[in-house]
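Protein chains: 4
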Amino acid sequence: MQMSREIELEGHIIDSGIMTKVMDQVMDMGGNFEILVFDVGKQKTDPSYARLRIAAPTEEQLDLILSEVFRLGAHYPIVADAALVPAEGDRIVPKGFYSTTNHPTQVKVGGEWIPVEFLEMDCILVVDKEQKRACCTPLSKLKKGDLVVVGEDGVKVDYPERPREGGRFEFMHGTVSPERPSETLIEQIAREIIDIKRGGKEVVLVGGPAIIHTGGGPALAEIIRKGYIDVVLAGNALATHDIESNLFGTSLGMDIRTAKNVTGGHKHHIYAISEVMRAGSIRSAVEKGVITGGVMYECVCNKVPYVLAGSIRDDGPLPDVITDVMVAQDTMRRHLRDAGMVLMVATLLHSVAVGNCLPSQVRTICVDINPASVTKLMDRGTTQAIGVVSDAGTFFPMLAKKLDEYAKTFSV
Amino acid sequence: MQMSREIELEGHIIDSGIMTKVMDQVMDMGGNFEILVFDVGKQKTDPSYARLRIAAPTEEQLDLILSEVFRLGAHYPIVADAALVPAEGDRIVPKGFYSTTNHPTQVKVGGEWIPVEFLEMDCILVVDKEQKRACCTPLSKLKKGDLVVVGEDGVKVDYPERPREGGRFEFMHGTVSPERPSETLIEQIAREIIDIKRGGKEVVLVGGPAIIHTGGGPALAEIIRKGYIDVVLAGNALATHDIESNLFGTSLGMDIRTAKNVTGGHKHHIYAISEVMRAGSIRSAVEKGVITGGVMYECVCNKVPYVLAGSIRDDGPLPDVITDVMVAQDTMRRHLRDAGMVLMVATLLHSVAVGNCLPSQVRTICVDINPASVTKLMDRGTTQAIGVVSDAGTFFPMLAKKLDEYAKTFSV
Amino acid sequence: MQMSREIELEGHIIDSGIMTKVMDQVMDMGGNFEILVFDVGKQKTDPSYARLRIAAPTEEQLDLILSEVFRLGAHYPIVADAALVPAEGDRIVPKGFYSTTNHPTQVKVGGEWIPVEFLEMDCILVVDKEQKRACCTPLSKLKKGDLVVVGEDGVKVDYPERPREGGRFEFMHGTVSPERPSETLIEQIAREIIDIKRGGKEVVLVGGPAIIHTGGGPALAEIIRKGYIDVVLAGNALATHDIESNLFGTSLGMDIRTAKNVTGGHKHHIYAISEVMRAGSIRSAVEKGVITGGVMYECVCNKVPYVLAGSIRDDGPLPDVITDVMVAQDTMRRHLRDAGMVLMVATLLHSVAVGNCLPSQVRTICVDINPASVTKLMDRGTTQAIGVVSDAGTFFPMLAKKLDEYAKTFSV
Amino acid sequence: MQMSREIELEGHIIDSGIMTKVMDQVMDMGGNFEILVFDVGKQKTDPSYARLRIAAPTEEQLDLILSEVFRLGAHYPIVADAALVPAEGDRIVPKGFYSTTNHPTQVKVGGEWIPVEFLEMDCILVVDKEQKRACCTPLSKLKKGDLVVVGEDGVKVDYPERPREGGRFEFMHGTVSPERPSETLIEQIAREIIDIKRGGKEVVLVGGPAIIHTGGGPALAEIIRKGYIDVVLAGNALATHDIESNLFGTSLGMDIRTAKNVTGGHKHHIYAISEVMRAGSIRSAVEKGVITGGVMYECVCNKVPYVLAGSIRDDGPLPDVITDVMVAQDTMRRHLRDAGMVLMVATLLHSVAVGNCLPSQVRTICVDINPASVTKLMDRGTTQAIGVVSDAGTFFPMLAKKLDEYAKTFSV
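Protein chains in written order, with the numbering used here: chain A, 1 to 412; chain B, 413 to 824; chain C, 825 to 1236; chain D, 1237 to 1648.
Extracted from the complex, chain A is given alone in its bound form (with noise of 0.2 angstroms):
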């Protein structure tokens, strides 16, 4: 173990775990660690410090360990500025780039420490050194000549700490089971949506078709006519689907009151969607009087904005429907920014291309009725994703109650 560096960690970093996460690294990376100083806070609100030497038995190797201990939060005790590099062209990273985590970030750019902006998971570090900016940056969008942060010298990661009393939702991280009291949850959903209004942020609701065919249309409808939702990202299926049973009493062919295939049903979406091309958009649909209720309509009524993504398995589609994914992504994208809770509902493909876009911070909900769709968003970096496995025809229904029966008891 020739070679050695020392790090340093601070803040909550017992009961956090990132002590733990830092040691556990280094070892099952085949490093070792000799704690220099450690500090612990005496009290539960003390912070604690502690200085490490990580070894190890190669320079490659030892980068290697000391790379994902700085993900963790830990850091060099006098930082040097970022490196960095310019792109060599469009979409090309140069060797060694760091790639972001989902979590807070800074970047020492000229001395200074730069907060990240627009942070979500595996992009790149492209900064701006006049305006002393940094932003993250997916692959599709770097330009050639880009200065990209490389090495992880002059990047401090505020890894979460586990939050304590209070926490609504933090018993249930990384377990996803149906054996949960349903009730119980939906009730704790509706008391977070209100929180986070209250607190400011908005609320973002991520959801598939499926909510319109197990008959949970008219609920979404009344959360959202009732203010609580701020922004809908969905797909064309969600918004064909939901305009037909405005239009028809159908969700792809089946009437919604008797669960029963209706004649001619199978033609009812294609008209849906030729009756919105007729009048040019969903807005302009709802404007002539042809929609007249529904998740769309109400969407349009309360200046609720809504992106419509295409997928490869779009009939039609609509004309509100964005076909190129990248801009589709990227309109997404803009509509996260204030974001403050995510509420995922009944569709797997939109919610981890959310997640991806979504910093760890914000208050991430997915309900499917099959867990594998929670451990799936997960496995993919979504780490913050706390599953609820539920129906979407029962959930709404009960959720639009919960909300009314919070809302009332805060105003009294």
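Certain hints may be false.
Stated by the list, open to error - Calculated cross-link-like contacts (lysine-lysine; reagent style BS3-like; alpha-carbon spacing at most 25 angstroms):
{"hint": "1", "chain 1": "D", "residue 1": "K1368", "chain 2": "D", "residue 2": "K1380"}
{"hint": "2", "chain 1": "C", "residue 1": "K919", "chain 2": "A", "residue 2": "K260"}
{"hint": "3", "chain 1": "C", "residue 1": "K1225", "chain 2": "D", "residue 2": "K1380"}
Unchecked claim - Computed beta-carbon distance windows for the label pairs:
{"hint": "4", "chain 1": "A", "residue 1": "D39", "chain 2": "D", "residue 2": "V1563", "range": "54 to 62 angstroms"}
{"hint": "5", "chain 1": "B", "residue 1": "N714", "chain 2": "D", "residue 2": "D1317", "range": "44 to 52 angstroms"}
{"hint": "6", "chain 1": "B", "residue 1": "D502", "chain 2": "D", "residue 2": "E1366", "range": "25 to 33 angstroms"}
{"hint": "7", "chain 1": "A", "residue 1": "D39", "chain 2": "D", "residue 2": "Q1238", "range": "24 to 32 angstroms"}
{"hint": "8", "chain 1": "B", "residue 1": "E817", "chain 2": "D", "residue 2": "V1321", "range": "50 to 58 angstroms"}
{"hint": "9", "chain 1": "B", "residue 1": "V739", "chain 2": "D", "residue 2": "T1567", "range": "12 to 20 angstroms"}
{"hint": "10", "chain 1": "C", "residue 1": "D1228", "chain 2": "B", "residue 2": "V739", "range": "51 to 59 angstroms"}
Derived by calculation from the structure, the hints in this document are not laboratory data. These figures come from a predicted structure and were not determined experimentally. Cβ atoms here follow ideal geometry from the backbone N, Cα and C, with glycine treated the same way.
Given chain A, put chains B, C and D in place with the hints provided.
Just chains B, C and D now, with coordinates in the frame of chain A:
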């Protein structure tokens, strides 16, 4: 195709699909058929009649084919008495024994058609010549000397015709999609429960512990209190966690009102069982005021019989649990005699067990968060089962509400 | 029942179940029927013929009923030309437009029956009177002035008859059980692939990234190298992780040979995409020796065309990805023209997308670890799909082995 | 925070995460802590030592907190003898009884630490003072007068430290993803089986009937024949379908080589049971040449003991089935005494049952097509379980191959 025999088919054989099924079966098994007579009912109320000559290359193959088409309701034009062979030992079947379907069946004994009692699938037909009775007998109850029907002669099955107008659930047969309007389906289940009870038949609940874990317990208790359920079939776990939730507010140690694990909660189910043990039985614990609410409490107070069948994974178990599974199976069977409807919620094990003992005309509804559970139930022969993919914790509160609404509507 | 019309049915209408389906449909929709002529094929090779008078209380209801039974292959005794109405704008359908099934279809134009080209479900029938051509047209491609078939007159559907002997997979239709003998099914898929190719049709693979994550990549690459696959339809993720696994031995940062996450592995997929970006395309990266093996490599080397369709959750994406989903859909369609078989593995999104574009006679096999995926595919209209519940990581090695065995057996 | 007590922690308490867990627990439960002494092991092989003062607002709350941290391995600096209270009746626990974890545990009796025997979770600690023995006792076996440990004094738990280098499966703990490289995992299972056996411990198979239905039977039979399995725990269904497949080539009437249902196949499992009944037992049926191959056959021939536990859904059952579930549970327990590894395949019921009886140091691997099965097993307390999402029908042939490969490699 040297070997051939004539068979007859009567009833709504075209529009019920039986004619098609018979032809399919014959040809799939390498046989052939000639239609000798085919009198089609011209109007939808008219029955049809067909006589077919079934042919096959060998006697053995012909017998195999006939054996299958007889299960669909075909029979010989002139029917001989059923052949009877005594069982050579307890639980030993004679070669060629007739294996029952779960459809209404008659046996010809002494020139007379006798209806088969206690119908369930995969059983043995035992005839009591003196009493002129024929009983469907599970292998476990077959005694040495019992007269067992062998071959297909003298047995007639009424294959269920596809129900027509007004069929509330017919559209759902054979499909298990989570994309159905939940509220609509739950309303239909509520109506069915009330109709079944008005028709003088019983409603049987088969339930698993997830009902309690997901917080569905109070709504189910209310449904029992209001008299909608006539029998409860479950296991040690449902009863234990129901009693635990009454004594401690928890289910497997998780507080149902907060969804968090409670300190010392891992002991609660053992305490719950131990308290019932001290009282002597669940009934006695209710009478002594130890248990003051919940599913089992309502069963006791409202004289709703329950069967708790033991399973290999039981803790305890409660003194009311029948630990010998064959005894439990028989007890369960007795409580299914007057069932018009069985509602199975969140338990694959008990659902398959009960499904095995049901004749096909009992309305069977299986509610589970996992669509694969219903598929398995149908794979095991309970083909009349209708699957609803939903979450017990939201299902029961909505069912309780719909039952109240429909009961009110009707009384007015 | 004042309103009535006569219709005809021909072919193996009894043993295919079509006669039954027609009668069911009429009665379920509140109509009635009288059988005027019924000539039953006495032998299994004889076709049957039926003439029915269909009646309904109102003209409108009668039209609805006829519209449905025509989809089953019924037609008027004397067939008029199809009625044609020009589309009033791009992507706007005329009222009463004929919505296609995915079964073989003919249209009567100028007294002549013309076969419909490019069949897929839920599309519009556009007729070119001069060229005497009729094309199935998705809404997105409908142009102002296109002559669209409206009503059911002059359209004839060949509803697929139930296949009889030798049907390799027929027994599986409509059921999706994980309790099937996997090795047997995989052997049958191997035989089917070889038979389809010998019959001169193409085998199309539709695949998701789980193929790579579960370690199925090398076996799939081998299958492509040996020439069993003619087209690959996938997305950015499959190609990215395949290339990542070639460059780094990892898939999403997990070492495929140890199943452990690799240090710095979270950067690998970005590096992989960036390297392809630098080369210009996947083909070019193969030619420059950057990519040296794997699924995409074998596609390039063996001239197997691939379509990579963009999705909202894409990182990068690779330069070969078609980011406009409607362009991607059209490209995909072109590659499905000669498909005799489509093998869909571990991707719900692409499976539904491809299923939408397939005529019903294309053998469609869907392999997924989750039985609900196949149910969804069938719910979306791809009723010919056969579901195999298995794990891509064990499926492909066994398929490669069975293909070799069967290919050998046959050559001898 | 008037109430407080001092506790100690020793060992690799930082890098095992125990220090973190203790602090978390205290604060989550509304308590507080002060670190009095904290000697950190400087090198990774050094143990650490901590003394903490735990405080809480009330005596009761303090007790609750201490009760939880003791389960993590903390203890009082000076440890008194465990308090013992006689059970007042059979199956009735004294108030405050100590409920066991499944981790190695010691009890202080007469000033001496005694290791607890027959460890499993949620049981009662019964001490025999004369024999100086302490046994983990399920409620069902608690007898009046048994000396039961109450409170936490004098009990010490060795909470498992997180294993470090070379841990073959550690990376998988707590995650159940279908996106793992199947072949790699199966190879690791093969190595583990061989290593466990070389270490002189037993490998126990817990299996469900889907092993037979999916065609995994022959490979499992081969694995048993080659001596890799020491005990088989299953139910009536696995044995019945295994014997059915030997006698008739079918499983639940489906031909395993063609995947098609066989005429008369619905009778096969009844015949199979009846034939064993005639022989008297499975062993006797093997000896008489009735059963000539398969899983049960290899068990008999290779003297591998098996326990067939009855369940409420059993047909028959076979004469070898233990129909009283509490007797079956005890028999199972006895066969788990020397288990070093338990391989659970395709059976949730038996997996949970066996999991309940295992100490946490037994390697526990659960293979199921449904990721939710493993989640449930872990929810029920078998937290050491490692989940592999795969299909029994492809899993066993690959496992057989890998076992052979690894066994060969090693012998050379």
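Practice item. Taking the numbered hints from earlier one at a time, note which ones the structure violates and give those numbers from smallest to largest. Key: 3, 6
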